[in-house]
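*Asks:* The primary structure of each chain is shown beneath.
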Amino acid sequence: MLIIKDLVKKYPNNNFTSVDKISLTLKEGEIFGFLGKNGAGKSTTIKCLTGIIPYDSGNISICGHDISRDSIKAKMNMGYVPDNHMVIERLTGREYVNYVADLYKVDKMQRVERIRYFTSIFNLEAAVDKQIKSYSHGMKQKICIMAALIHEPKLWVLDEPMMGLDPQSTQDIINYMSEHASKGNTVFFSSHNLDLVKKLCDRVGIINAGRLEKIIDFKEHPVERDNLEEIFFGISKLLRKPV
Amino acid sequence: MNTILTLLKLDIRTKLGLNKKITKKNILSGIINIFFTIVIYTIYIIGLYFLSSIVLNGTTPMNYEYLVVSTGIAILVELLICTTVFVKNLYYDGENELLLRFPVDGNQIFAAKAILTFITGFASSVLLVYPMYIIYGTLTSAPTIHYIVTFLMLPLVTLLPFSIACLIALPVINITNLIKNRFALLLALMIIIVVACFSVYMIILKGVLEYAQSSTSNLFSESTKEYVRNIASNLVPFNWYANVIYGSSGLISLFILIFVTLVLSILAFIVSKRTIYSIVLKSIERESEAMEIKQPDKVRPVFSALLRKEYLMIFRSLNYSFQYLSMAITAPIMVYLCNDLASTIGDTSVGGRIIPGLTMLVIIIFITIIVSFASTAISREGNTFYLTKIMPVPYKHQVLLKLILYFVVASASVLVSCIVVWIAFSGEKYGNNVQFGDIISIFAIAELLIITLSAMAIKNDLKSPTFEVSKNGDLINGNKNVSINLIIGVFLAVIFGLTTMIFSYIPLTISGVVFISSNRDAYVLLLILSTLFAGISLFSLFFKIDKNYNKIKDN
Chain A
175 MLIIKDLVKK YPNNNFTSVD KISLTLKEGE IFGFLGKNGA GKSTTIKCLT GIIPYDSGNI
235 SICGHDISRD SIKAKMNMGY VPDNHMVIER LTGREYVNYV ADLYKVDKMQ RVERIRYFTS
295 IFNLEAAVDK QIKSYSHGMK QKICIMAALI HEPKLWVLDE PMMGLDPQST QDIINYMSEH
355 ASKGNTVFFS SHNLDLVKKL CDRVGIINAG RLEKIIDFKE HPVERDNLEE IFFGISKLLR
415 KPV
Chain B
554 MNTILTLLKL DIRTKLGLNK KITKKNILSG IINIFFTIVI YTIYIIGLYF LSSIVLNGTT
614 PMNYEYLVVS TGIAILVELL ICTTVFVKNL YYDGENELLL RFPVDGNQIF AAKAILTFIT
674 GFASSVLLVY PMYIIYGTLT SAPTIHYIVT FLMLPLVTLL PFSIACLIAL PVINITNLIK
734 NRFALLLALM IIIVVACFSV YMIILKGVLE YAQSSTSNLF SESTKEYVRN IASNLVPFNW
794 YANVIYGSSG LISLFILIFV TLVLSILAFI VSKRTIYSIV LKSIERESEA MEIKQPDKVR
854 PVFSALLRKE YLMIFRSLNY SFQYLSMAIT APIMVYLCND LASTIGDTSV GGRIIPGLTM
914 LVIIIFITII VSFASTAISR EGNTFYLTKI MPVPYKHQVL LKLILYFVVA SASVLVSCIV
974 VWIAFSGEKY GNNVQFGDII SIFAIAELLI ITLSAMAIKN DLKSPTFEVS KNGDLINGNK
1034 NVSINLIIGV FLAVIFGLTT MIFSYIPLTI SGVVFISSNR DAYVLLLILS TLFAGISLFS
1094 LFFKIDKNYN KIKDN
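Chains as they are written, first to last, in the numbering used here: chain A, 175 to 417; chain B, 554 to 1108.
Honestly, the hints are just simulated from the structure, not real lab data.
We treat Cβ as the ideally placed atom computed from N, Cα and C, and that holds for glycine.
Just so you know, not all the hints are guaranteed correct.
Stated by the list, open to error - These stretches of chain A come out as covered by chain B in the derived footprint (C-beta under 8 Å, 3 or more residues): (1) 226-233; (2) 252-263; (3) 283-291; (4) 361-368.
Said to hold, decoys possible - Here are the simulated DMTMM-like cross-link-like pairs (lysine to aspartate or glutamate), alpha carbons at most 20 Å apart as the crow flies: (5) Lys388/A <-> Asp194/A; (6) Lys847/B <-> Asp244/A; (7) Lys1097/B <-> Asp230/A; (8) Lys1104/B <-> Asp281/A; (9) Lys314/A <-> Asp893/B; (10) Lys949/B <-> Asp244/A; (11) Lys1104/B <-> Asp240/A; (12) Lys1100/B <-> Asp230/A; (13) Lys1097/B <-> Asp240/A; (14) Lys279/A <-> Asp850/B; (15) Lys1104/B <-> Asp230/A; (16) Lys847/B <-> Glu299/A; (17) Lys1106/B <-> Glu299/A; (18) Lys851/B <-> Glu326/A; (19) Lys279/A <-> Glu863/B; (20) Lys1097/B <-> Asp244/A; (21) Lys949/B <-> Asp346/A; (22) Lys851/B <-> Asp281/A; (23) Lys314/A <-> Glu845/B; (24) Lys851/B <-> Glu334/A; (25) Lys201/A <-> Glu326/A; (26) Lys1100/B <-> Asp240/A.
Could you build all of it, start to finish, from the sequences and the hints given here?
*Replies:* Now the structure itself:
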C-alpha cells in the first residue's frame, strides 16, 4: 500500500537532516501510528509522502505509484488530513467537500451517499450548508476528514488528527479510522497520544531525530503494547547530532 | 487618564508601524513611502494652486464662494476620514477583544480611540485644508492676520466633522453590517463611485484644458457664477467658516459656529458614552456570522470545479471582487474619456491622429492594473496552499486555469474598449483616423500583452509567494510582485502607445530607407514584439513548472 524507501529530507539552512533514510512498508487493512517528540520528523515525513514538499533522495510509492514520478495516480489513492485543519473557509462545508469530490472524480451517487453518511456520523447536518469560517476547530477538522475520505482512499494519512478535539469528536474519528481499515484500506497517522496509539494501532513506528528507530507490531509482540511509554521515552532521549 | 494615554500610545505606535523591527527592508520601504507621499502631496498642492488661480484670478473673481466651497469640500472629506477611522478603530479593530480582557473599560478605550481620531482629523486639516487657505491668501494678497485666523480655525474645521462622525458611527456600522454580505450591491456601488470619480476628474481636466486653450479668461459663464453665488450664500454651515475668514458678519458666525460645534460635541459625548460598550461587544459577537447557502451535491468536471472555486474565492470577498472587476469595468469609460480629451487638444486632425496610440496606451495601462491581481494568484491560496499540492491535478493545469481567469476578464474589457473607440471615434468628425484595422490591431496586441503580463505576474508570484492572510482570509499585503508588474506594464504601455502615436506622424528612416511609414507598419512591429513577449513569458511560466511549484513552501 505504502512503501517508503531510504527517504531523506534536509531543509535548506538547517544543520539537521529532518528525515534520515527512513524505510517503511504499510500493509493493506492496517492502522499504523507514527510516534515521535516535537521536531522528530513526523510531519516532514508526512509532507513528503503527500507531495507537499519535495525530498532529497529515496522513494515513496503509494499503491504502486511513485509520488514524484507518477504523482497524480499516487495522489488519487490518498486522502490527507493536515494538523492545522486548514480548509477553504469561504466555501460552505458542502461546497468544499463537493469541490474535493470533483477533483477526485467521485460520481454523484457515491458522493451524495458519503456526504449524507459523514454529516450524520460527524453531527454536521446543521452546519454543512454554512460557510466554514463560522465553524469551530472540531467542525473544521471533521470537514477536513470528510473531504479526505470522499473518494474512499486506499491510504488515509492524518497528521495529529485528535489535536484540540472534544471527546465525542475524538471518538467519532477513532471509530471511523477502524471502520476505514476494516474495509481493507490503510490508515497512517502521527500522534503524541500514546494511549490512543496503543488502543487503535496494529503497528507503530517511533521516529527520533529524523531516524525511524523502531517499528513495533502489537500483534506479534503484545507485551510491547503495555511497555510503549517506556520504549518511547527511551528512544526520545537519544540526542540529535548535527550533520 | 494614565490608562487612556497608554492606550493612545499603543494605538499610535501600531498605526505608525513603530512596533516593527528596524530592518534594512523596512527602512527602504519607509523611504520609498515617504518619497511617494511627498510626490503625491506636491501634485496636490500644484493642482490646488492651479485650480484656485482659475477661480480667484478671473475678471470677476469668486473669493467668498471659493472659501465656502473649499471649506465645504474639506469638511466633507474630514467627515469621511473621521467616520472611517472611528468605525475602523472601534468596530473592526481585533485589538478591542484583547483590551477587554485587561482592566480597561469601554469608556477608556473610546477616549483613546476618539483622541486618535481627532489627531488624525486635525493632521489632515493641517495638510489638506490649511494649504487651501494659504493659497487663497497668496492669490488674494491677504494680510498676515488671514494666515493666523485660518490656522486658529483648523480645530473648529476638525471638531465639527469629528462630532458628527461620533454621532453617525453607530448608524454607519449598522448599515455596513446590513449590507456587508450583499456583495453584488456593494460591488456595484464601489464601481459606480470609482467610475464617477474618474469621470469627474476627466471632465474637470477637459474643462481646464478648454479654458487654457480659449482666449477668454473666465472658466465660468456669468449665469453659472450667479448660480454658485446663490448656493454659497446659503450653504450652512460652510458659509459660517467663510464668513469668519472673509470678515463679513465674522463675529456672529464665529459664535454660532462655536455654539453649534459645542452642542454637537456634548451630544456626541453623551451618545458615545451610552453606546460604546455595545459597539465594541457587537464587533466581537458578530465575528462568527457567515452565509448559509443551500445547494444540491453536483458533479462538475475538474476544470469547471477549479474555475468555480476560484470565482467563489474572488466573489465572496469584497476586496478581491473589487480588485478583479473594478478596473475591467472602468477601462472602456476611461478609454473613451481620454480619447475625448485628446480630441480637444490641438486641431481635430492632430487630436484624431493620436487616438489609436492613446487608445493603445490607456488600454495597456488598464490591462496592467487588471492583471496585477494575478501577481497574488498563488499567494491568495493562503493557508490552504497545501491543497494545491495534494490534489490529483497537474500543477500546469492549475496554473493555466489561473491564467485563463485573468485573461477572460481583461479580454472582455479590452473588447468593449475597442468597440467603444470604434463607435465613438471612427467617423469624419475625427478625420477618419480610426480605421477598423487600427481597432483589430490594438485588440490583437492587447490580447497578447494580457497573456504576457498575466503569465509574468503568476511566474513572479510562483517564485516568491507570501501566504500571510488576515482573519477573513484576504491576503494581508500585496507582495512586491504587484509593484514590479505594474512598473513593467506601465513601461510597455508608454513604449507601445508612443510608438503608435509617433509613427502616425513621423516615418522611421534609417540611411534613407523607410522602415516604418505609417501606423500599419508600427502595428506589425508591435504585433511581432508582443507575440515574442507572450511566447517568452508563457515558456518561462510553464518550463519546469513542476520543479518550481514543488519548491514553494507553505506556512
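*Asks:* Determine which of the earlier numbered hints do not hold for this structure and return their numbers in increasing order.
*Replies:* The structure breaks hints 4, 6, 8, 9, 17, 21, 24; every other hint is satisfied.
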